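Student: Generate the whole structure from the sequences, applying the supplied hints.
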Amino acid sequence: MTDPRPPQLRRTPLTGVHERLGATLTGFAGWLMPLRYGSETAEHNAVRTAAGLFDLSHMGEITVTGPGAAAALDYALVGEPSALAPGRARYTMICAEDGGILDDLIVYRLAGDEFLIVANAANTGVVFGALTERAGTTAQVTDRTADYALIALQGPNATAILTQLTDADLAAVRYYASYPATVAGREILLARTGYTGEDGFELFTRPQDAEPVWEALMAAGAAHGLVPAGLAARDTLRLEAGMPLYGNELGPDVTPFDAGLGRVVKLGKPGDFVGRAALERRAKAEPQRELVGLASRSRRVPRHGYTVLWDGTACGKVTSGAPSPTLGRPIAMAYVAAKVAAKAREAGQDGEPARLAVDIRGSAVPADLVSLPFYRRRA
Amino acid sequence: MTVPDELYYTREHEWVAVDGPTASVGITDHAQQALGDVVYVSAPAPGSKVTAGEPCGEVESTKSVSDLFAPVDGEVTQVNPEVEENPGLVNADPYGAGWLFRVALPGEGELPSGLLSAAEYSELIASEEPAE
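Protein chains in written order, with the numbering used here: chain A, 893 to 1271; chain B, 329 to 460.
Check the hints yourself; a few may be wrong.
Okay, the calculated beta carbon distance ranges per label pair [what the hints assert, rightly or not]:
id, chain 1, residue 1, chain 2, residue 2, range
1, A, 1017, B, 439, 49 to 59 Å
2, A, 1014, B, 386, 27 to 37 Å
3, A, 1221, B, 383, 21 to 31 Å
4, A, 1025, B, 450, 48 to 58 Å
5, A, 1145, B, 414, 36 to 46 Å
Calculated directly from the structure, the hints in this document are not laboratory data. For clarity, every value in this text was computed on a predicted model and none was experimentally measured. Don't be surprised by glycine CBs; every beta carbon is placed ideally from N, CA and C.
Tutor: See the structure below:
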């Protein structure tokens, strides 16, 4: 007999807050997370026009420390963390020997010999295992996920909200930078990062500080249109911003080059790193497929796994798709044959009968190729 | 979660309101909450015949798409034009302005035997609530 009950889902330090807010909770990568609090479209629009507050405590935090930490990470990751100044952060990836992506990461250099790596919840175990093995005895690798809550404050009003709760000079916190700060009287790590396409901050707090910091932010945000926002809004926000999601655009059968993110692979760095040989070959090869943006001409939504058609013939697969609240039509990212992508760009489809389409449950629904990202905030 | 007493329900979360020879059909409050924001509804065309228990359209939300099942046999007489224009009505007022289509029932307005009462439907959704 198998146990019919779902495995126990982990709660974050903020799950009780979400329950009190009446959130719809969902299992996500082994965690019980808020999918939405009310209308996910309203949450999405709030982040674009005002601000949203997200619980991201399911994300994995792994520290790599010691005098050998920088060199260990240069070997373990495709980026070059040793080149980061303390206080700066970088988007990077960890790849397998064959160049396939094990996860996409943000690496923060907190101090000369102290790095914080943020991994996707579903991959934290894999990343921790790979880092431990790759670092060997040269650095200390520790899974600190349970020691941190992570709260993201995102949207054009984020600075106006946060500034009420801290003496930190927020104007001095650059994009992809982090530093220790006091927010609502609690010691936190404050980073200017996000996954929504908006300006904003991510706050790493101790678990016991998560709720007071969340409540202080909600109170400070009341006059600035701040709303709690769930994973559903987070997904449509990142899709509009053209940001890849592991398991959709990224996976072990995808290299950073396939995903159009070859820039994160620092082939010029000295020394070997895991995946170098395969990625060097891939960098020189003619790309077979390309990650593109599609906009549907119908209200039916192209979704993950649907086939992309060119003149009725299969030419690729949708990796993510959703109705776009900002654009007012369904959008998608898809891997399509590189030759088709070139032809579609040449055709400049708008107005023409679309040769590009998505097979939506048996009918070919016309789509237009659009450049990524779908949405870019005004600076 | 609202489950009006005067309606009939399906196991697939449609509701039926019977008014003489005509049945109005929509999706339940429970269904719209589970789906999230409805962005598109494909209802059966007026004049088409639907068969109880068979898929007859689709309800598309931000996160997913679900089949719409015909709760009754009959000929579709009307599709709600306001939902076509504003699918969010399905979320805002699932039993009222968010109705989806109307069917002319065969014979003397007969209903199929498999429909649930409000009490039976309430029991069904209570048993489907995820255990936490």
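Student: Which numbered hints turn out to be false for this structure?
Tutor: Checked against the structure, no hint fails, so every one of them is satisfied.
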